[in-house]
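J.: Sequence:
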Amino acid sequence: MPFCKQACHYCDFHFSTSMKKKDQLVDMLCRELELRKNELPEQEIRTIYFGGGTPSLLTSEELRQIFTTIFANYQVAENPEITLEANPDDLSEEKLQMLKASKINRLSIGVQSFFEEDLKLMNRAHNAKEALESIQLATKYFDNISIDLIYGIPNMSAEKWQQNLQIALDLGVPHISSYALTVEPNTALHKFIEKGKIKPVNDEAAKAHFEIMVSMLKNANFRHYEFSNFGKDGYFSQNNTAYWLGKSYLGIGPSAHSYDGNFRKWNVSNNSLYIKALEINKLPLETEGLTITDKYNEYVMTRLRTQFGVDITEVEEIFGEHYRDHLLKNADVLLKKELLENRNQVLHVSSKGKFLSDGIASDLFYLD
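According to our numbering, the stretch in the sequence shown is residues 807 to 1174, in order.
Any given hint might turn out to be false.
[Said to hold, decoys possible] Straight-line C-alpha distance at most 30 Å; calculated BS3-like pairs for lysine-lysine:
| no. | residue 1 | residue 2 |
| --- | --- | --- |
| 1 | K901 | K811 |
| 2 | K1071 | K843 |
| 3 | K1160 | K828 |
| 4 | K926 | K909 |
| 5 | K1082 | K826 |
| 6 | K1160 | K1101 |
| 7 | K926 | K843 |
| 8 | K1024 | K1082 |
| 9 | K906 | K966 |
| 10 | K811 | K1003 |
| 11 | K946 | K826 |
| 12 | K843 | K906 |
| 13 | K1013 | K1003 |
| 14 | K909 | K1005 |
| 15 | K827 | K1088 |
[To be verified] For each label pair, taking beta carbons as the anchor points, the in silico distance ranges come out as:
| no. | residue 1 | residue 2 | range |
| --- | --- | --- | --- |
| 16 | E990 | Q1044 | 40 to 50 Å |
| 17 | E1120 | S1168 | 15 to 25 Å |
| 18 | E1120 | N1087 | 23 to 33 Å |
| 19 | K811 | K1158 | 17 to 27 Å |
| 20 | Q871 | D1169 | 23 to 33 Å |
| 21 | C817 | Q871 | 43 to 53 Å |
Because the hints were derived from the structure by calculation, they are not lab data. As the structure is a prediction and not an experimental result, all values here were calculated from the model. Virtual Cβ for every residue (Gly too), placed ideally from N, Cα, C.
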């Protein structure tokens, strides 16, 4: 759902702050769902994820329309995980009652911080009071709740970051997704830093925050099952886990991406062009075929970020001896540096290498 009330200073996702085309866009989302139903032939749909933008801007009628289209055109599992991303300022009691009455069974709440100064720096639409109260309210209606938190924010002390995490733990949420603040080109945050209005992001502070988080959440019985994701047992995101395990997924809407194991597809990042194309039953997407090297590199990249690790035997079975030998040769250096661990023929990033996992993955890539 590519609509937001206002632009966060750090965001480089596709969205619009104008709601003028929202009705049309929902209609065209449903048309795209109908036109692409044969891309997942006879596959059971196990997760449905409303991302954005701000999906909590959807009305009950818009949700009903989308669900009706999905269930009429796809084979949906008996008990699918259905997640909706929500902003705290949208989660009134009335809204939560509406969402509870729909097919939504998991909420992902974009808190980012429980402190007013951080929210203002990021230009979030909600305030600290709404961040707290939205979760207190949501737990009355939903058991499966995830919250997003951002660390590495300029001027955020280690103590303040610990307080953010402690508030989340005290609220009893069973899943936390947490990301380092990154400065993307052409964002407001990038421009403010260039002009000296905001301090640059400090990588050492972000690393310290990450280590605090890993320790605190481990002590609170959270499993660190993916680099940016921590969950209590039974509360891992089934949707995101499917991405990391290389399962097929269908992305619907402007800028959405899809993957079927052999091809990657992405929709145009423009609401007007998206609507115009679908009005004449044309799919507004581009397609890229993946080579065996692409698939190997993606396997390494996604698996190293997770608790599942890179299975050496599986690499040989899927990609062949040549890629297995390349993996072992390149991994040897990282094993000696204690950045990787070999546990029963499965490579995992060590505690020492955890914050460097993307760089470690690139050291294992195969370059044609």
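J.: If a hint holds in the structure, say so; if it does not, say that too.
T.: Consistency of the hints with the structure:
no.: 1; hint: K901 - K811; result: holds (16 Å)
no.: 2; hint: K1071 - K843; result: holds (15 Å)
no.: 3; hint: K1160 - K828; result: violated (41 Å)
no.: 4; hint: K926 - K909; result: violated (33 Å)
no.: 5; hint: K1082 - K826; result: holds (15 Å)
no.: 6; hint: K1160 - K1101; result: holds (23 Å)
no.: 7; hint: K926 - K843; result: violated (42 Å)
no.: 8; hint: K1024 - K1082; result: violated (49 Å)
no.: 9; hint: K906 - K966; result: violated (33 Å)
no.: 10; hint: K811 - K1003; result: holds (24 Å)
no.: 11; hint: K946 - K826; result: violated (33 Å)
no.: 12; hint: K843 - K906; result: holds (27 Å)
no.: 13; hint: K1013 - K1003; result: holds (23 Å)
no.: 14; hint: K909 - K1005; result: violated (43 Å)
no.: 15; hint: K827 - K1088; result: holds (18 Å)
no.: 16; hint: E990 - Q1044: 40 to 50 Å; result: violated (28 Å)
no.: 17; hint: E1120 - S1168: 15 to 25 Å; result: holds (20 Å)
no.: 18; hint: E1120 - N1087: 23 to 33 Å; result: violated (41 Å)
no.: 19; hint: K811 - K1158: 17 to 27 Å; result: violated (42 Å)
no.: 20; hint: Q871 - D1169: 23 to 33 Å; result: violated (47 Å)
no.: 21; hint: C817 - Q871: 43 to 53 Å; result: violated (27 Å)
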